[in-house]
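Residue-level listing of the chains:
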Amino acid sequence: MKCTRSNASVMFGRMVLLAVTGLGLSGCIIIPTPSHGGVGVITAETIESFEPGKTTRADILLRLGEPAERLEEDRFFVYQWKRIHGYFVAGGGSTGVMATLLATHSLGIEFTPDHQLKRVKVIHPWLPLTDKRSNLEEWMAEERELPHP
Amino acid sequence: MCPLPFAEDASDHQRIGEWQPFWHRGCDPFGHSADLGNSDLMCERKLMRTGDLNFGLYLVSALLLAGCATVVVPLDPQLVSERFPFIREGKTSKQEVLSRLGEPYSRYEGEQILTYVMCEDISRGGGRLPSYTRITDKEGEAFPGKAGCSYERTNNLILVFGPDDLVARHSVVLINLVKRLSVELWR
Chain H
1 MKCTRSNASV MFGRMVLLAV TGLGLSGCII IPTPSHGGVG VITAETIESF
51 EPGKTTRADI LLRLGEPAER LEEDRFFVYQ WKRIHGYFVA GGGSTGVMAT
101 LLATHSLGIE FTPDHQLKRV KVIHPWLPLT DKRSNLEEWM AEERELPHP
Chain E
1001 MCPLPFAEDA SDHQRIGEWQ PFWHRGCDPF GHSADLGNSD LMCERKLMRT
1051 GDLNFGLYLV SALLLAGCAT VVVPLDPQLV SERFPFIREG KTSKQEVLSR
1101 LGEPYSRYEG EQILTYVMCE DISRGGGRLP SYTRITDKEG EAFPGKAGCS
1151 YERTNNLILV FGPDDLVARH SVVLINLVKR LSVELWR
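Chains as they are written, first to last, in the working numbering: chain H, 1 to 149; chain E, 1001 to 1187.
Pulled out of the complex, with its shape left as it was, chain H reads as follows:
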């Protein structure tokens, strides 16, 4: 079983290497980077300043503005922003094209019926052009079965 898994990972690694080499030889390359830059970023300091049971929906709206999504009669807010996770470069020499590869970061916020913050969830994708929407939905579903306090 262990051997099978290791063979599969070697095969996957080879495929990735082949894809990268192929792209490189064809004149284009993808350069993955740690997440950086971006527009409309909600910082970790801002998120850490929110206190469950103290911070209200009004506080969050005053601080972050309109959410990207309002779910279940404002029980959940979702904020989103994009950051650069890599670059796509094609061509070379004196002409070419470069594109930034973005990934969507999400902040999920749950409120209590008396408009106070209950919990938050931050989702940072590590691959460009990915959207980890399912992770956020799983987080929202965690306590959905329970009656709303």
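Think of the hints as simulated: they come from the structure by calculation, not from any bench. Note that CB positions come from ideal geometry on N, CA and C, so glycine has one too. A couple of the hints might just be wrong.
As the list claims (entries may be wrong) - Using C-beta positions, here's what the derived DEER-type ranges look like:
| id | chain 1 | residue 1 | chain 2 | residue 2 | range |
| --- | --- | --- | --- | --- | --- |
| 1 | H | Ile29 | E | Gly1102 | 47 to 57 angstroms |
| 2 | H | Ile30 | E | Arg1107 | 42 to 52 angstroms |
| 3 | H | Ile31 | E | Glu1089 | 25 to 35 angstroms |
| 4 | H | Ile31 | E | Phe1086 | 49 to 59 angstroms |
| 5 | E | Gln1095 | H | Pro113 | 23 to 33 angstroms |
| 6 | E | Ala1168 | H | Gly53 | 13 to 23 angstroms |
| 7 | H | Asp74 | E | Glu1089 | 30 to 40 angstroms |
| 8 | H | Ile29 | E | Glu1103 | 46 to 56 angstroms |
| 9 | E | Pro1163 | H | Leu71 | 23 to 33 angstroms |
| 10 | E | Pro1077 | H | Gln116 | 35 to 45 angstroms |
| 11 | H | Ala90 | E | Ser1099 | 51 to 61 angstroms |
| 12 | E | Lys1091 | H | Val97 | 22 to 32 angstroms |
| 13 | H | Cys28 | E | Gly1162 | 31 to 41 angstroms |
| 14 | H | Leu71 | E | Gln1078 | 28 to 38 angstroms |
Said to hold, decoys possible - Below, computed lysine to aspartate or glutamate pairings styled on EDC-like, alpha-carbon distance capped at 20 angstroms:
| id | chain 1 | residue 1 | chain 2 | residue 2 |
| --- | --- | --- | --- | --- |
| 15 | E | Lys1094 | H | Asp59 |
| 16 | H | Lys118 | E | Asp1164 |
| 17 | H | Lys54 | E | Glu1109 |
Stated by the list, open to error - Computed from the model, here is a short list of chain E residues facing chain H with C-beta under 8 angstroms:
| id | residue |
| --- | --- |
| 18 | Thr1070 |
| 19 | Val1071 |
| 20 | Val1072 |
| 21 | Pro1074 |
| 22 | Gln1078 |
| 23 | Leu1079 |
| 24 | Ser1081 |
| 25 | Tyr1105 |
| 26 | Ile1113 |
| 27 | Asn1156 |
| 28 | Val1160 |
| 29 | Gly1162 |
| 30 | Asp1165 |
| 31 | Leu1166 |
| 32 | Val1173 |
| 33 | Ile1175 |
Dock chain E against the given chain H, drawing on the hints supplied.
Then chain E, alone, in the frame of chain H:
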């Protein structure tokens, strides 16, 4: 290396072990050494790599610029009061806000919180002090109708009302929405 054209090279008189500066005196536009007036290997190599240098410089500058992130942050209260002088906490009523600004973009908590989505008018604000096409006309009066907004330059006015329907708290949040994919060309 470009040898100096003159017989009296400074290095000729230099003692062993003495520090010797090396200066290349530059390349002319045709790839010739400014020192020699002839083709120079060092200069030729430089010219051949100009394209790569362009790309390298572009990549480095793009990476440096990309390192700058714009963060969601409320506007300085001083600037908010300059921009919306009619909004005074504890004094301005919801009715007045609605009559001046028109229908809000969103309502929360049974209309206790109203939000307006606005866009930055860079032609008037000069890029420093934002003004809002959604909000004010030339005389600074409220402009209830919607104006064409650049999607990437959106701001929110958030108004929280107290039980007496007077503005209790308010803020303007600067939100620059990112483009889905930015593609840049270099030449």
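query: Which earlier hints can't be squared with this structure?
result: 3, 7, 10, 12, 13, 16, 22, 23, 24, 29, 30, 31
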